[in-house]
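Trainee: Dock chain one against chain two, each of which comes alone in its own frame, and use the hints as you go.
Here is what each chain is made of, one letter per residue.
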Amino acid sequence: MKTPLYEEHVKLNAHIVDFHGWDMPLYYEQIITEHLAVRNAVGIFDVSHMGDILVSGKDAASFLDYLFPTAVSKLKENSCVYTSFLDDSGKMIDDCICYLIDKDRYLIIPNAATKDKVFSWMNSRKGKFSVNIADISSKYGCIAVQGPRSRDIASDLGFSFPEPFKWLSADWQSSNEITNTKSVIISGTGYTGEKGIEIIAESKAIVEIWKLLVDKLANYNGKPCGLGSRDTLRMEKGMLLSGTDFNEDRTPTESSISFIIDNSHNFIGKNKIDPKPKVIFRGIVMKEKGIPRTGDEVFIGDRKIGSLTSGGYSPSLSKGIGLGFMDRASAKLGQEIIVSHNGKKIRGVVVRPKMFPLEIPPSPS
Amino acid sequence: MYKVPDGIQYTKTHEWFKLDGDVATIGITDYAQHQLTDVVYIELPKVGDTRKAGSVLLTVESVKSAEEVYSPVSGTVVAVNNELETKPELINKDSYANWMAKIKVSEKAQGISAEEYRKLTGE
Numbered sequence: 001m002k003t004p005l006y007e008e009h010v011k012l013n014a015h016i017v018d019f020h021g022w023d024m025p026l027y028y029e030q031i032i033t034e035h036l037a038v039r040n041a042v043g044i045f046d047v048s049h050m051g052d053i054l055v056s057g058k059d060a061a062s063f064l065d066y067l068f069p070t071a072v073s074k075l076k077e078n079s080c081v082y083t084s085f086l087d088d089s090g091k092m093i094d095d096c097i098c099y100l101i102d103k104d105r106y107l108i109i110p111n112a113a114t115k116d117k118v119f120s121w122m123n124s125r126k127g128k129f130s131v132n133i134a135d136i137s138s139k140y141g142c143i144a145v146q147g148p149r150s151r152d153i154a155s156d157l158g159f160s161f162p163e164p165f166k167w168l169s170a171d172w173q174s175s176n177e178i179t180n181t182k183s184v185i186i187s188g189t190g191y192t193g194e195k196g197i198e199i200i201a202e203s204k205a206i207v208e209i210w211k212l213l214v215d216k217l218a219n220y221n222g223k224p225c226g227l228g229s230r231d232t233l234r235m236e237k238g239m240l241l242s243g244t245d246f247n248e249d250r251t252p253t254e255s256s257i258s259f260i261i262d263n264s265h266n267f268i269g270k271n272k273i274d275p276k277p278k279v280i281f282r283g284i285v286m287k288e289k290g291i292p293r294t295g296d297e298v299f300i301g302d303r304k305i306g307s308l309t310s311g312g313y314s315p316s317l318s319k320g321i322g323l324g325f326m327d328r329a330s331a332k333l334g335q336e337i338i339v340s341h342n343g344k345k346i347r348g349v350v351v352r353p354k355m356f357p358l359e360i361p362p363s364p365s
Numbered sequence: 366m367y368k369v370p371d372g373i374q375y376t377k378t379h380e381w382f383k384l385d386g387d388v389a390t391i392g393i394t395d396y397a398q399h400q401l402t403d404v405v406y407i408e409l410p411k412v413g414d415t416r417k418a419g420s421v422l423l424t425v426e427s428v429k430s431a432e433e434v435y436s437p438v439s440g441t442v443v444a445v446n447n448e449l450e451t452k453p454e455l456i457n458k459d460s461y462a463n464w465m466a467k468i469k470v471s472e473k474a475q476g477i478s479a480e481e482y483r484k485l486t487g488e
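The listed protein sequences correspond, in order, to chains A and B. Counting in this note's numbering, the first sequence runs from 1 upward without gaps. Counting in this note's numbering, the second sequence runs from 366 upward without gaps.
Isolated chain B (complex conformation) (with noise of 0.2 Å):
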């Protein structure tokens, strides 16, 4: 029923991220939109931010509850979906397509495979 595409990363906390070269796009799964309902409001990281893997990468807002999303690789923040600031209900139209942020990643970064996520969400 959930989109898991192939061909990208996962994280057991529902990000996905999709590397090229040593900038990663990050944004959430589409088990992780039908889990949060409807994103009224989603609060970037800056430009120059940087994070560790694991750690909170921004912070998204829903009807139901307010949840953040986590960094799945380490690195400096080189751009973000400004378009979300006035649309964050493209997260809820399509994840996958609507990334959140570009992370320029400092150290390897190992995620879980499509195969593996779908088993994590009972797919």
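Only chain A is shown next, with the shape it has when bound in the complex (with noise of 0.2 Å):
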């Protein structure tokens, strides 16, 4: 499958790789300079793939607070809420962004790859809620446009700047089901820890911002970049990606994200979530050269405290990262550990989920 900005990544002679039967670009340059772009001025990604389910009907409120452990029908106008679909052994079955639209209109954005999962999940639960879920993925496409001058080049383009979980609707000709106007969303909302938005606009529509965009990078010191760098991002952030770190097998609690939980209601999976789970999603950073990989055990000494689910090299720290689900009681900020990859040991330490800026905390005694 291609995004409406296929042509466009082609056109900047971007190295394009299969994602989950997606064709999107990998990088344009190389990863390590994209992800310092949007550290330290602006990228902008094509995120298009993601999903976009609306959800509208008088019990949309209702049904959206009985699938997600986060109390959205609590959302105030024109915001937005990070939180995930449970299964009913409270294991995330994806994460997601919910707007409030409007009364009864609820937007979801899902991962690509989890889209069609979480629209068969959300009808199944569907019961007797008097909900419409509408699956307009391919009409809409997305650009997230990340770092510390994101602000600077929406001004340029004439887009206000919500701030982070809101959103707003910008003029545009082009036509809009989600709002109901000629408009495209600009959301307070990005997955690299950065300042930033993202657009959410009709496939044509989506094709004209990235043109504008392009052409104003350079006096930004902006770049395209590519899911490599989006990878490398929040990884250093320590955000989870569904799928890779989870995947119906983790609790919002292990997954270190009981943020989004709203105890205040009832929603599925409620009950199985264990508040002080045996395992926790920690990050570690290496102390040495060498590089952890997604599926590399965790040592104390000879005793396996857990693995990772993702690992690789920090373009902002330039050491080796790694994220994972490890045996809480062990697993203490500021504890060495060892990871054992292809046979060799690498030393590191665990940290928070949260790598960049760097705080390696004391040794537990």
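Hints were generated in silico from the structure; no laboratory data involved. Hints are not guaranteed to be accurate.
Restricting the straight-line Cα-Cα distance to at most 27 Å, the calculated cross-link-like pairs of lysine-lysine (DSS-like) are [what the hints assert, rightly or not]:
hint, chain 1, residue 1, chain 2, residue 2
1, A, 289, A, 237
2, A, 272, A, 128
3, B, 458, A, 11
4, A, 11, B, 368
5, B, 484, A, 2
6, B, 452, A, 287
7, B, 411, B, 458
8, A, 345, B, 452
9, A, 345, B, 411
10, A, 216, A, 204
11, B, 473, B, 377
12, A, 287, B, 411
13, A, 287, A, 345
14, A, 344, B, 417
15, B, 411, A, 289
16, A, 344, B, 452
17, A, 319, B, 458
18, B, 452, A, 289
19, B, 411, A, 319
20, A, 128, A, 76
21, A, 344, B, 411
22, B, 383, B, 452
23, B, 458, A, 289
24, B, 452, A, 319
25, B, 383, B, 458
26, B, 484, A, 11
Quick look at which bits of chain B chain A covers, simulated, 3 or more residues with Cβ under 8 Å [to be verified]:
hint, stretch
27, 396 to 404
28, 425 to 431
The beta-carbon is built from N, C-alpha and C at its ideal position, and this holds for glycine as well.
Mentor: As structure tokens, this is what we get:
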């Protein structure tokens, strides 16, 4: 499959790879320079492969409250929230952003690879709720504009800049069945840990906006960025990647995202979530040369305490970093560990799943 | 799109080598460096190490993955490009100018031609 921006990526000489059936840019020039552009200036990403599911009807809020551990019925006007679909055992099916668009109207952005699964899941749990669930993914694209200069480039295009987890609509000559206005959605979201926005628009409009952004990028030391830097950026900030860090096998408490749980309402899987789980999502930073990779096991001495679900090189730290689920009692912050990578042992330390900016806690006694 | 210069030999595992007398200069192809993404570490062999054709010559670590580079020839390592230890990114800049190791060949070496390699990488 191709996003509406595929031809633009080819024009920019992108290195295209298959990502869950989507032909997506892995990088245009280099992963590291694109990564640093986002940390230091601004980068733009095509994230049109992600899903768009519109939920409407008089029970939309109560239905989504039932599906999500987050009480989305409490969302204020023009707001959105990061949350996750849970199965009956409290395990995460997919994480997503849920927008309150209007009364009885919500937009959900699931991950590309899990969109169909999420759509089926929602329909299977619809029951007696009076809701309409529409998969409108194929008609809409999304561009993430991320980095300290994202506000400047957005302003150059005439866009206002919403606060984090707020959204607004900007006039545009393009139909938009999400807001029912001629507009695009500008949302204070992203997955790089930097200040930024995501622009959601119908396919034709998304191409127009991409071209305008590409023309302006050089003025802000910005770069088009591929999925390679998207992955290193989110990894440094300890952000979970659906299907990689979890795949219907972890609860939100295990995944160190307890903040999505609002126990004031009932939701699927609620009673199965252990508030003090045996394993916990942690970061590691290597103390010597060597790059841990997904699947590598983590040890204290000879005792295995967990394994990595993400691993790689941190361009901001110039070090190897990893994320994974570890024995909670053992994986204390500051704990020295050893990662076994292809039979080699690399020394590292346990940190919160947020490795940049790096703070290494003192070793626990 | 990928550079495949004529006049040198290639392997199906994406190495190139050039024979000068009985010394083979070895590196990885432009196709390989594009697939690897940004090279961040390279673990070079030592001068004096011996390798069989098809055995692991060295390891390259990139942002995305760790990959083994296989020796296209059998013989003894006579030189390594130490500059790559401090500037591994040179591999991404030009993977042909920036060779990795030189091996004094002990058996006749046979690679594939540039033309065959282009076919292999779909060019």
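Trainee: Indicate, hint by hint, whether the structure satisfies it.
Mentor: Verification of the supplied hints:
About 21 Å separates the Cα atoms of residue 289 (chain A) and residue 237 (chain A), which keeps this hinted pair within 27 Å; it holds. Between residue 272 (chain A) and residue 128 (chain A), the direct Cα distance comes to roughly 24 Å. Compliance with the 27 Å bound is thereby established for this hinted pair. Among the hinted pairs, residue 458 (chain B) with residue 11 (chain A) is consistent with the structure: their alpha-carbon atoms are about 21 Å apart, no more than 27 Å. A C-alpha spacing of about 19 Å is found between residue 11 (chain A) and residue 368 (chain B), which places the hinted pair at or below 27 Å, so the restraint holds.
Note on residue 484 (chain B) and residue 2 (chain A): the hinted pairing holds, with a Cα-Cα distance of about 26 Å set against a maximum of 27 Å. Of the pairs offered as hints, the one joining residue 452 (chain B) and residue 287 (chain A) holds, with about 20 Å between alpha carbons and a cut-off of 27 Å not exceeded. Note on residue 411 (chain B) and residue 458 (chain B): the hinted pairing holds, with a Cα-Cα distance of about 24 Å set against a maximum of 27 Å. Straight-line distance between C-alpha atoms of residue 345 (chain A) and residue 452 (chain B) comes to about 24 Å, which keeps the hinted pair within the 27 Å bound.
Taken as a hint, the residue 345 (chain A) and residue 411 (chain B) pair is honoured in the structure, with Cα atoms around 21 Å apart against an allowance of 27 Å. With a C-alpha separation of about 19 Å, the suggested pairing of residue 216 (chain A) with residue 204 (chain A) holds against the 27 Å cut-off. For the hint linking residue 473 (chain B) to residue 377 (chain B), the alpha-carbon distance of about 17 Å falls within 27 Å, and the restraint holds. Taking the CA atoms of residue 287 (chain A) and residue 411 (chain B), the gap is about 25 Å. The hint holds against a cut of 27 Å.
Taking the CA atoms of residue 287 (chain A) and residue 345 (chain A), the gap is about 11 Å. The hint holds against a cut of 27 Å. Under the criterion of a C-alpha separation no larger than 27 Å, the hint pairing residue 344 (chain A) with residue 417 (chain B) is consistent with the structure, at around 23 Å. With a CA separation close to 18 Å, the supplied pair residue 411 (chain B) and residue 289 (chain A) stays within the 27 Å bound. Of the supplied pair hints, the one linking residue 344 (chain A) and residue 452 (chain B) holds, its CA atoms being roughly 23 Å apart against a limit of 27 Å.
Between residue 319 (chain A) and residue 458 (chain B) the alpha-carbon distance is near 21 Å, which keeps this suggested pair within the 27 Å criterion. For a cut-off of 27 Å, the pair hint linking residue 452 (chain B) to residue 289 (chain A) stands: about 14 Å separates their Cα positions. Distance restraint check for residue 411 (chain B) and residue 319 (chain A): the Cα-Cα separation of roughly 24 Å lies within the 27 Å cut-off, and the hinted pair is therefore satisfied. Restraint check for residue 128 (chain A) and residue 76 (chain A): the C-alpha separation of about 26 Å stays at or below 27 Å, so the hint holds.
A C-alpha spacing of about 18 Å is found between residue 344 (chain A) and residue 411 (chain B), which places the hinted pair at or below 27 Å, so the restraint holds. Between residue 383 (chain B) and residue 452 (chain B) the alpha-carbon distance is near 22 Å, which keeps this suggested pair within the 27 Å criterion. Restraint check for residue 458 (chain B) and residue 289 (chain A): the C-alpha separation of about 22 Å stays at or below 27 Å, so the hint holds. The suggested pairing of residue 452 (chain B) with residue 319 (chain A) holds, with an alpha-carbon distance near 15 Å, which does not exceed 27 Å.
With a C-alpha separation of about 19 Å, the suggested pairing of residue 383 (chain B) with residue 458 (chain B) holds against the 27 Å cut-off. Restraint check for residue 484 (chain B) and residue 11 (chain A): satisfied, since their Cα atoms lie roughly 24 Å apart, inside the 27 Å limit. Counting residues of the stretch 396 to 404 of chain B whose CB falls under 8 Å from any CB of chain A gives 3; the rule of at least 3 is met. Look at the stretch 425 to 431 of chain B against chain A: 6 of its residues bring a Cβ nearer than 8 Å to a Cβ of that chain, three or more, so the hint holds.
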